[in-house]
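Student: Here is what each chain is made of, one letter per residue.
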Amino acid sequence: MTDDELLTLFTATLRDVLGDDSVALSMVTRRQDVPNWDSFAYINFIAAIEMRLKIRFAVADVESFENVGAIVRRSQALLADKSS
Amino acid sequence: MRWLPAINDFRDRLRAAQATESLADRFEQLAALSRCRLGFLETLALDRAVSHLDPGGVAGTARLRLALLASSTVDQLVPGLQVAGLRRKMLFQCHVAGFNQYRQELLDTQSSLHRFAPQIVLFSLSAREALGRIRLTDARADVDAAIGETVADIRGLWRHARDAFGATVIQQSFLNTSELVFGSFDRQVPGAPAQVVRRLNDQLAAAAAEERVMLLDIAQASERDGLDAWFDVSCWLQGKLEIAPAAAPLYGELAVRLIAAQRGLSKKCLVLDLDNTLWGGTVGDDGIEGIVLGAGSPTGEAHAALQHYAKLLQARGVILAICSKNDPRIAEEAFRDHPEMVLKWSDIACFVANWDPKPRNLELIAARLNLGLDGLVFLDDNPVERAAVRDALPMVAVPELPDDPAQYARTLADAGYFESVAYTDEDLRRNEQYLANASRDLERERSGSMDDFLQGLDMTAEYGLVTDADLPRVTQLINKTNQFNPTTRRYAPDEVRGFAHDPRYVALKFRLRDRFGDNGLVSAMILRSDPATPEVYEIDTWVMSCRVFGRQLESEALNVAAEAIRQRGGRVLRADYIPTARNAVVSDLYPNFGFQRADNTHAADGTVTWELALDQYDPRPTHIKRRSA
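These protein sequence lines are chains C and L, in that order. Note that the numbering used here has the first sequence beginning at 114, numbered continuously upward. Note that the numbering used here has the second sequence beginning at 2, numbered continuously upward.
Hints in this document: simulated from the structure, not taken from any laboratory. Among the hints, erroneous ones may be present.
To be verified - Quick list of the computed label-pair ranges, beta carbon to beta carbon:
{"#": "1", "chain 1": "L", "residue 1": "D10", "chain 2": "C", "residue 2": "D194", "range": "27 to 37 Å"}
{"#": "2", "chain 1": "L", "residue 1": "D226", "chain 2": "C", "residue 2": "S177", "range": "25 to 35 Å"}
{"#": "3", "chain 1": "L", "residue 1": "R14", "chain 2": "C", "residue 2": "K167", "range": "21 to 31 Å"}
{"#": "4", "chain 1": "L", "residue 1": "R104", "chain 2": "C", "residue 2": "D133", "range": "30 to 40 Å"}
{"#": "5", "chain 1": "L", "residue 1": "E180", "chain 2": "C", "residue 2": "D146", "range": "37 to 47 Å"}
{"#": "6", "chain 1": "L", "residue 1": "A296", "chain 2": "C", "residue 2": "S177", "range": "52 to 62 Å"}
{"#": "7", "chain 1": "L", "residue 1": "R104", "chain 2": "C", "residue 2": "S177", "range": "33 to 43 Å"}
{"#": "8", "chain 1": "C", "residue 1": "D194", "chain 2": "L", "residue 2": "R136", "range": "34 to 44 Å"}
{"#": "9", "chain 1": "L", "residue 1": "D226", "chain 2": "C", "residue 2": "S196", "range": "20 to 30 Å"}
{"#": "10", "chain 1": "C", "residue 1": "D133", "chain 2": "L", "residue 2": "G457", "range": "35 to 45 Å"}
{"#": "11", "chain 1": "C", "residue 1": "A183", "chain 2": "L", "residue 2": "E150", "range": "41 to 51 Å"}
{"#": "12", "chain 1": "C", "residue 1": "S196", "chain 2": "L", "residue 2": "P340", "range": "46 to 56 Å"}
{"#": "13", "chain 1": "C", "residue 1": "N149", "chain 2": "L", "residue 2": "R225", "range": "34 to 44 Å"}
Said to hold, decoys possible - From the structure, some residues in chain C lie toward chain L, with a derived Cβ separation under 7 Å:
{"#": "14", "residue": "D129"}
{"#": "15", "residue": "L131"}
{"#": "16", "residue": "G132"}
{"#": "17", "residue": "I156"}
{"#": "18", "residue": "N157"}
{"#": "19", "residue": "A160"}
{"#": "20", "residue": "A161"}
{"#": "21", "residue": "L191"}
Unchecked claim - Partial pick of chain C residues on the chain L-facing surface, computed with a CB cut under 8 Å:
{"#": "22", "residue": "T126"}
{"#": "23", "residue": "V130"}
{"#": "24", "residue": "N149"}
{"#": "25", "residue": "F153"}
{"#": "26", "residue": "M164"}
{"#": "27", "residue": "V172"}
{"#": "28", "residue": "V175"}
Don't be surprised by glycine CBs; every beta carbon is placed ideally from N, CA and C.
Bound conformation, chain C alone (with noise of 0.2 Å):
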């Protein structure tokens, strides 16, 4: 998957957890920058990328990620784990 392809399913996830469609992700986007996505929000999704890619992140990573880009970041080296 490329990034662009994951942002496009982070994007969808996270408008389905949060029911806001106006939702839009980019690289840069910090959690504080999306209005209602919460701790909770998180937790459900991380857990809905989890199930969607069949990945897993370490709770060390999904603590410390900075932006929506970390997330992206970790997920194609879990992918290309995964694959090879």
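Once you have looked at the hints, place chain L on chain C.
Tutor: Only chain L this time, still in chain C's reference frame:
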């Protein structure tokens, strides 16, 4: 939740539902979506759509007030509860007590919980609190005392909820997330955490039975599904979610099953198909000795296992019925006489075998058993039949079945249609009552809706001459078909190839499509003209798969044949009916089309020859559109 049918246009249908003006219609459309297999995100989206419905209720469906009292984060469970409710046309208004605030909220009469006044209280407690009181090295007596205290404390909470609100109480069993300390030996160490949780659950179940509290046994479910399906340590560490978001739709389903069961909404009758469901193969074609059932083959044992499970359900009060497209005589004979049958004739309250559409037969079964259609579960291996029933009778539960019969019993069990919160003497007697009341030998009951049903199928017959590419399937049909086969002549592939290439023969094939999909090449007809009498064509062979009986394809096929013969200068169609033990279904095929008996002599084997003058034949009207291949 693999018993629910998959859906690929969820978003479109959700949008369409949300754009629907009438609340009642929107509710119906959302309820239809809830009966599909939805993931966690779709469940969230559907829950949101439901929350925008009239909060007071829709079409007489009052919202039930449900409070979740928990010692972990449980907000992720609410959408699953709401959607599971919707599946049964129940709507909830949910209140989630603050994280670990359930005691205070119960005791404080000024709390938001008291203002909410729940009708149902669901306790979702973690074992961690109890485990904190027990050390690994504690003696059995100390462990038992601590477990007893915990259960007594919970019992107090139940009583409080009941006294304060008159609420129905549901207690979730403790999810056993503890790691083993010794290994297998843990089970012999009273203070080992995993063993403590097991004992706690046993005591909790006993107390719940005494207090008439319903037990939501997710500990058992997680044993079946694997702990990883229920518990995600990452979610626990991040936000104290003891039940993973991925498990939330199933959690809701299991919880609402209890609520529905208590309200008498569980299913009452299991209606079973025969061919490729209760046994492998098609008894009409393969014969009693040819069906696959019981010892001797793994597939046969899989079908027998389904029968065993149905028998267990029957023993606890579920009514059993049969709905099969079959010759009733052959079906009954197989049922009564096959030595490996686990279900007996006397286990079946209502036995319907004919060629009518299944939705109509299900209506008949419900009427005979004096049950609502919403009390029926219909189990059938054939996806077309399942779709037809879901479509015509959405209130009948129709589990999706995997292709492998080995999974049938498990799938039916997992679907939980017959969830029960008690087990009474009446349950045991129920079947006797039904057996006494119901007549099994049901006549066909025609109703005006037959035309509507066929019209609604949107059928198209694709016809043409048999080509080399069709030979394997046509040969198979000729050699396997026993029922719709007036002459039962068998031919080798080379012979069939010969018919396709010989100008004296007309070899026709028919496919049937309907809005549920393509039934494939389901009928073939071999016509032959004698050079001495070129105006006469004889139907040497005509076969049709029993899958499409009762769809008027025979009429459309004869219309096509009559045209083809006319084009070749033929004026008379001749056909033999040679009776066999299995082709009674076509004994009146030709006279029903207006054929006249060709002579009065009776052949020794009972063969009757029929003739039709084509200038006397008007094409039969059908609900099938036609397309040449």
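Student: Decide, hint by hint, whether the structure agrees.
Tutor: Tested hints:
At roughly 34 Å, the beta carbons of D10 (chain L) and D194 (chain C) sit within the given window of 27 to 37 Å. As the Cβ distance of D226 (chain L) to S177 (chain C) is approximately 31 Å, the hint placing it in 25 to 35 Å holds. One distance hint, 21 to 31 Å for the beta-carbon pair R14 (chain L) and K167 (chain C), holds here, with the actual separation near 26 Å. Taken as a hint, the range 30 to 40 Å holds for the pair R104 (chain L) and D133 (chain C), whose Cβ atoms sit roughly 35 Å apart.
A beta carbon spacing of about 39 Å between E180 (chain L) and D146 (chain C) agrees with the range 37 to 47 Å that was offered as a hint. Taking the beta carbon of each, A296 (chain L) and S177 (chain C) are about 59 Å apart, inside 52 to 62 Å as hinted. Roughly 35 Å separates the CB atoms of R104 (chain L) and S177 (chain C), a value that falls within the hinted 33 to 43 Å. At roughly 41 Å, the beta-carbon separation of D194 (chain C) and R136 (chain L) lies within the given 34 to 44 Å, and the hint holds.
The given range of 20 to 30 Å is respected by D226 (chain L) and S196 (chain C), whose C-beta atoms sit roughly 27 Å from each other. For the hinted restraint 35 to 45 Å between D133 (chain C) and G457 (chain L), the CB-CB distance of approximately 40 Å keeps it satisfied. For the pair A183 (chain C) and E150 (chain L), the supplied restraint of 41 to 51 Å holds, since their beta-carbon distance comes to about 47 Å. Judged by the Cβ atoms, the range 46 to 56 Å given for S196 (chain C) and P340 (chain L) holds: they are separated by roughly 53 Å.
Between N149 (chain C) and R225 (chain L) the CB atoms are about 36 Å apart, so this pair conforms to the stated range of 34 to 44 Å. Restraint check, D129 (chain C) versus chain L: the minimum CB separation of about 4 Å is within 7 Å; hint holds. With its C-beta approaching chain L no nearer than about 9 Å, L131 (chain C) sits outside the 7 Å limit, and its interface hint is violated. The beta carbon of G132 (chain C) comes within 5 Å of a beta carbon in chain L, closer than 7 Å, and the hint placing it at the interface holds.
Satisfaction of the interface hint for I156 (chain C) is found here, the shortest Cβ-Cβ separation to chain L being roughly 5 Å, below the 7 Å cut-off. With 7 Å as the threshold, the beta carbon of N157 (chain C) comes within range of chain L, its nearest partner Cβ sitting at about 5 Å, so the hint holds. Taking 7 Å as the C-beta cut-off, the interface hint given for A160 (chain C) holds, the closest approach to chain L being about 4 Å. Evaluation of the A161 (chain C) hint against chain L yields a held restraint, the C-beta minimum of about 6 Å falling below 7 Å.
Nearest Cβ of chain L to the Cβ of L191 (chain C): about 13 Å, over the 7 Å cut. The hint is violated. Of the supplied interface hints, the one on T126 (chain C) holds, with its beta-carbon coming within about 7 Å of a beta-carbon of chain L, less than 8 Å. Taking 8 Å as the C-beta cut-off, the interface hint given for V130 (chain C) holds, the closest approach to chain L being about 7 Å. Annotation: interface hint on N149 (chain C) violated; nearest CB of chain L at approximately 13 Å, more than 8 Å.
Hint on F153 (chain C) holds. Least Cβ distance to chain L is approximately 6 Å, under the 8 Å limit. Proximity of M164 (chain C) to chain L holds as hinted, the smallest CB-CB distance being about 6 Å (cut-off 8 Å). Interface restraint check: V172 (chain C) against chain L, minimum CB-CB distance 5 Å, threshold 8 Å, status holds. The restraint placing V175 (chain C) at the interface with chain L holds, with a minimum CB-CB distance near 6 Å, inside the 8 Å limit.
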